[in-house]
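Colleague: In case you want the letters, here they are:
There are 2 protein chains.
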Amino acid sequence: MYSEKGTHSIEVCFSPLSWPLYQKPGALVIVTDILRASTAICAAFHNQVSSIIPVAEISESEAYKQKGYIVAGERDGKKLDCADFGNSPFNFLDPALQGQTIVMNTTNGTQAIRAASEQGNTLVIGAFINLSAVCRFAMEQQKDVLIFCAGWKNRFSMEDSLFAGAVVEHLVVASKGEFHTICDSAVAAADLWLMAKGNLMGYIEKAAHRHRLKKMGLDDVLEFCLTQDFTSALPVLEDGKLVNLPQEK
Amino acid sequence: MYSEKGTHSIEVCFSPLSWPLYQKPGALVIVTDILRASTAICAAFHNQVSSIIPVAEISESEAYKQKGYIVAGERDGKKLDCADFGNSPFNFLDPALQGQTIVMNTTNGTQAIRAASEQGNTLVIGAFINLSAVCRFAMEQQKDVLIFCAGWKNRFSMEDSLFAGAVVEHLVVASKGEFHTICDSAVAAADLWLMAKGNLMGYIEKAAHRHRLKKMGLDDVLEFCLTQDFTSALPVLEDGKLVNLPQEK
Chain S
19 MYSEKGTHSI EVCFSPLSWP LYQKPGALVI VTDILRASTA ICAAFHNQVS SIIPVAEISE
79 SEAYKQKGYI VAGERDGKKL DCADFGNSPF NFLDPALQGQ TIVMNTTNGT QAIRAASEQG
139 NTLVIGAFIN LSAVCRFAME QQKDVLIFCA GWKNRFSMED SLFAGAVVEH LVVASKGEFH
199 TICDSAVAAA DLWLMAKGNL MGYIEKAAHR HRLKKMGLDD VLEFCLTQDF TSALPVLEDG
259 KLVNLPQEK
Chain H
19 MYSEKGTHSI EVCFSPLSWP LYQKPGALVI VTDILRASTA ICAAFHNQVS SIIPVAEISE
79 SEAYKQKGYI VAGERDGKKL DCADFGNSPF NFLDPALQGQ TIVMNTTNGT QAIRAASEQG
139 NTLVIGAFIN LSAVCRFAME QQKDVLIFCA GWKNRFSMED SLFAGAVVEH LVVASKGEFH
199 TICDSAVAAA DLWLMAKGNL MGYIEKAAHR HRLKKMGLDD VLEFCLTQDF TSALPVLEDG
259 KLVNLPQEK
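Keeping their order, the protein sequence lines are chains S and H. Under my numbering, the first residue of the first sequence carries the number 19, and numbering increases by one thereafter. Under my numbering, the first residue of the second sequence carries the number 19, and numbering increases by one thereafter.
Derived from the structure by calculation, the hints contain no laboratory data. Please note: incorrect hints may appear among the correct ones.
Since copy identity is lost for identical chains, a pair holds within one copy or between any two.
Computed list of lysine-lysine pairs in BS3-like fashion (alpha-carbon distance at most 27 Å, straight line) [said to hold, decoys possible]:
| id | residue 1 | residue 2 |
| --- | --- | --- |
| 1 | K85 | K171 |
| 2 | K42 | K233 |
| 3 | K42 | K85 |
| 4 | K194 | K23 |
| 5 | K85 | K215 |
| 6 | K259 | K194 |
| 7 | K85 | K232 |
| 8 | K42 | K171 |
| 9 | K194 | K96 |
| 10 | K97 | K23 |
| 11 | K232 | K83 |
| 12 | K23 | K83 |
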């Protein structure tokens, strides 16, 4: 996996704390927060919402609510008082949301989007449910790739790292040498993915956040969040809003 | 591997940047920087040096040199101008150093020692060459264990993480339930170790720092740094100095 040859590099950032080390102008940044923000965002665009405004502060969510927006948001799995619903991906599949704009605030995910958007990179949201679509997009972009794991409260997160590993494996294998990595975290993520991918539902029992969600009764989404290629939605950031990138057939 | 049962917990911190998240009074902190600082320190105590003063700033090394101390130190593989020798573990095996005090300054390792020593924890230096000794010590201490990977310039480092995984595996297996972990990075480190341990010299070809050392002509130490249990030295921090903990027979 380690190779210095190849036009474009892939790196994996395990935590928002480390993000300042990964500054790279002109790169494609794939932001992921598998349980559950990035999965919910991809589900929303699969459900044809118009746009999602990611916000990091609770006060921002409250201000949007007062302006009449639909607001989704949680902290530590608990719905914000001002929110219409929490961050379960299933909430975002409600047909009533089609064509609507949603303001979204999560514990880790939207904070990562906010941090990553400050550098003018191309930013796409990745999850297992849009894995192939994200990888195709990354191949087309012809840019260096940074995978930004939202983590859990700035810590390494197993499920986000497994997704990062899946992207690394897909790109390095599919690109046949076009992508390379000399990034230890990318190599580690890919190897963890190799261990896990044969039985992802079994492997995820090792992940702390799986158990946090279980204790909160929020783990009904687990299988959905680990399902590959449920959608070809490609949420990209444009002018501070997430929109679905129209895909060519 | 994930388990909430067990008297003592094990956590792994992949980078000095993340260290503030791992504050835990009364814990045993195992600091590692396999290539090459922690290996060099263990080699030095195997060679019966009297003590090692870890310093983080170059100006500190210069001040000690002026006072007549033996000074070892590097930045990015290059010997400091004020240093008597660089940080190759082989330098620390020179019989002339027996009974001496050495001032040591490294790119990542001594910075990590400095950061970890600010919390009043018990601090021990770990490397593959003293793996079993460190694990035995951890078992005897009856404390929570934090493994602090020095990393490379605040990034995740494969070789340090593999060592962390080896300690996690040893403690969890050997303690038969006394130690537990709900830390995703500890679980990931242990699984990477499981992949690597059958052929550590082969696996380390994936690590970026292995290639950095090769380019600088400093990789003659690779096999030594990956050798398990060359020594039973146990470098612990006492009053700002590393000394060898006398071991009971």
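Colleague: For each hint, tell me whether it holds in the structure or not.
Modeller: Hints, one by one, checked against the model:
1. K85 / K171: Neither. Shortest intra-copy (30 Å) and inter-copy (45 Å) distances fail the 27 Å Cα cut-off.
2. K42 / K233: Answer is between: at 24 Å across copies they meet the 27 Å cutoff, but 39 Å inside does not.
3. K42 / K85: neither (36 Å within a copy, 44 Å between copies)
4. K194 / K23: within (11 Å within a copy, 45 Å between copies)
5. K85 / K215: neither (44 Å within a copy, 58 Å between copies)
6. K259 / K194: Neither. Shortest intra-copy (34 Å) and inter-copy (51 Å) distances fail the 27 Å Cα cut-off.
7. K85 / K232: neither (34 Å within a copy, 60 Å between copies)
8. K42 / K171: both (24 Å within a copy, 17 Å between copies)
9. K194 / K96: The answer is neither: 44 Å in one copy and 36 Å across copies each exceed 27 Å.
10. K97 / K23: neither (47 Å within a copy, 30 Å between copies)
11. K232 / K83: So K232 and K83 fail the 27 Å test inside a copy (29 Å) and across (57 Å) alike.
12. K23 / K83: neither (50 Å within a copy, 43 Å between copies)
The structure fails to meet hints 1, 3, 5, 6, 7, 9, 10, 11, 12 from the earlier list, while all remaining hints are met.
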